[in-house]
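In order, the protein sequences belong to chains P and L.
Each residue of the first sequence is one higher than the one before, counting from 0 in numbering that gives the first Met the number 0.
Each residue of the second sequence is one higher than the one before, counting from 0 in numbering that gives the first Met the number 0.
These aren't lab readings, by the way, just hints derived from the structure by calculation.
Treat the hints with caution; some may be incorrect.
[Claimed, not checked] Under 8 angstroms between C-beta atoms, here's a sample of chain P residues computed to sit facing chain L:
hint, residue
1, F69
2, E109
3, A146
4, A147
[To be verified] Chain L is faced by these chain P residues, among others (derived, beta-carbon under 7 angstroms):
hint, residue
5, L63
6, A104
7, I108
8, L113
Ideal Cβ placement from N, Cα and C applies to all residues, glycine included.
In case you want the letters, here they are:
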Amino acid sequence: MAESRSAERGATRASLLARSVDDAALFGTFYEHYVQRVSVYFMRRVFDPEIAFDLTAETFALALERRRQFRGDTAQEEQGWLFAIARSLLHAYWRKGRIERAAVARLGIERPSLGTEDIEYLHRQAGIETLRERLAEALDAVRPDQAAAIRARVLEERGYAEIAADFKTTPDVIRARVSRGLRTMQALLGNQVEDVLADA
Amino acid sequence: MTPDELPPALRELQDRLQRAAQRDIEIERRVAERVRRGRWRRWLLVAVAAIVSAGGVAVAQRVFDRKGADVPRDRVRQEESPAAERGVITTSARPDPSGGPPWAMRVFTNPQGLECIAVGRLLDATLGAYDHTRTFRALPAKFAGTCESLTRVGLIAVAHRRPYPEPRTIVYGLAREGRPVRITVAGETRTLQPGAFGSFVDVRAGVFDMAGASAATTVDGRTIRRRLG
Numbered sequence: 000m001a002e003s004r005s006a007e008r009g010a011t012r013a014s015l016l017a018r019s020v021d022d023a024a025l026f027g028t029f030y031e032h033y034v035q036r037v038s039v040y041f042m043r044r045v046f047d048p049e050i051a052f053d054l055t056a057e058t059f060a061l062a063l064e065r066r067r068q069f070r071g072d073t074a075q076e077e078q079g080w081l082f083a084i085a086r087s088l089l090h091a092y093w094r095k096g097r098i099e100r101a102a103v104a105r106l107g108i109e110r111p112s113l114g115t116e117d118i119e120y121l122h123r124q125a126g127i128e129t130l131r132e133r134l135a136e137a138l139d140a141v142r143p144d145q146a147a148a149i150r151a152r153v154l155e156e157r158g159y160a161e162i163a164a165d166f167k168t169t170p171d172v173i174r175a176r177v178s179r180g181l182r183t184m185q186a187l188l189g190n191q192v193e194d195v196l197a198d199a
Numbered sequence: 000m001t002p003d004e005l006p007p008a009l010r011e012l013q014d015r016l017q018r019a020a021q022r023d024i025e026i027e028r029r030v031a032e033r034v035r036r037g038r039w040r041r042w043l044l045v046a047v048a049a050i051v052s053a054g055g056v057a058v059a060q061r062v063f064d065r066k067g068a069d070v071p072r073d074r075v076r077q078e079e080s081p082a083a084e085r086g087v088i089t090t091s092a093r094p095d096p097s098g099g100p101p102w103a104m105r106v107f108t109n110p111q112g113l114e115c116i117a118v119g120r121l122l123d124a125t126l127g128a129y130d131h132t133r134t135f136r137a138l139p140a141k142f143a144g145t146c147e148s149l150t151r152v153g154l155i156a157v158a159h160r161r162p163y164p165e166p167r168t169i170v171y172g173l174a175r176e177g178r179p180v181r182i183t184v185a186g187e188t189r190t191l192q193p194g195a196f197g198s199f200v201d202v203r204a205g206v207f208d209m210a211g212a213s214a215a216t217t218v219d220g221r222t223i224r225r226r227l228g
């Protein structure tokens with residue numbers, strides 16, 4: 000699979016996104032080409048399959064909505080354009096502590112529920128297991144309340160409501176601690192997670 | 000990557016996005032179609048409007064707006080005095096029963112210091128008259144009017160009967176104190192409230208026998224009645 004992706008990357012195929020303006024099936028193909036890279040990009044930054052999945056869905060929903068604004072012609076250009084959307088959503092998540100789902104809602108897309116198979120896939124593709132040790136080290140650099148929230152959410156995989164009850168606060172506060180703590184960790188783990196595009 | 004390699008939720012997301020894309024394309028197609036139809040409708044509307052308005056303008060010009068030379072000075076009646084200044088009172092304008100330009104007054108002072116009045120159709124801020132060919136001719140700048148001393152008589156009232164292009168009887172004048180003026184023509188009395196400078200204009204369809212016709216108002220607490228016949 001990696002070989003075929005490399006071959007595609009090197010090729011100068013026409014943009015699927017540009018051609019999907021009049022062909023819904025081509026948007027499906029566009030999704031197939033990038034969904035793994037986009038979901039890995041998010042997983043390696045938020046370490047949470049649910050959040051990574053929501054951010055992935057919103058990224059593709061925005062790409063669908065805005066595809067008529069895309070002015071590129073090549074695969075490289077569409078990839079850059081797509082990841083610009085992904086980066087913007089990620090930073091918004093870190094800043095606000097909540098995920099933007101407006102485009103998904105506007106398009107009337109019902110969010111599929113994640114099953115065990117999906118969560119395992121996202122962990123596997125992102126190589127989260129190999130990152131866990133580094134993740135634990137990086138937690139030391141984060142504020143204690145944020146580190147506790149991240150540990151409960153990411154390492155122990157507990158729900159926000161349950162964590163909030165333990166900390167005697169609201170789920171929103173926990174979400175904000177997790178997102179801000181992850182942003183701090185991003186700086187430490189940067190070398191390992193910033194290579195998603197190069198890996199792809 | 001093929002859809003088969005994706006886990007269920009990501010595969011389901013692909014299907015839902017693809018359906019959303021299909022809906023989006025369909026909406027875009029309908030909008031484009033509506034815009035195209037709208038363009039045709041707009042052009043059709045513009046074309047119809049152009050034909051109708053061109054026809055309307057042509058008819059209107061034929062009926063009302065033909066313009067010719069000014070009224071020759073040798074046709075000015077002897078008893079009328081030359082105007083010393085222009086002074087069309089547009090607020091005195093009253094509609095003609097058949098439509099078209101309204102009737103309005105010109106008020107001015109002659110070299111002897113008398114108040115003079117003239118009446119005509121007001122077209123493009125020009126006072127004039129239609130001849131029997133329905134051609135509008137502006138009253139000459141030095142056109143005369145009926146002149147009297149308003150200070151002395153208190154009420155100036157003139158009846159003007161025109162058999163063409165449509166028969167009309169116009170009674171017009173000035174009331175010094177601007178009090179209501181009662182105009183009786185052929186047994187029918189109308190009461191007008193004078194406008195600027197005490198001016199009033201009454202337009203009736205038909206050419207009437209003016210025997211017994213009069214205009215009356217109150218000046219200095221007295222009723223002033225002027226015979227129009």
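Which numbered conditions among the earlier hints are violated in the structure presented, ordered from lowest to highest?
The structure conflicts with hints 1, 3, 4, 6, although it agrees with all the remaining ones.
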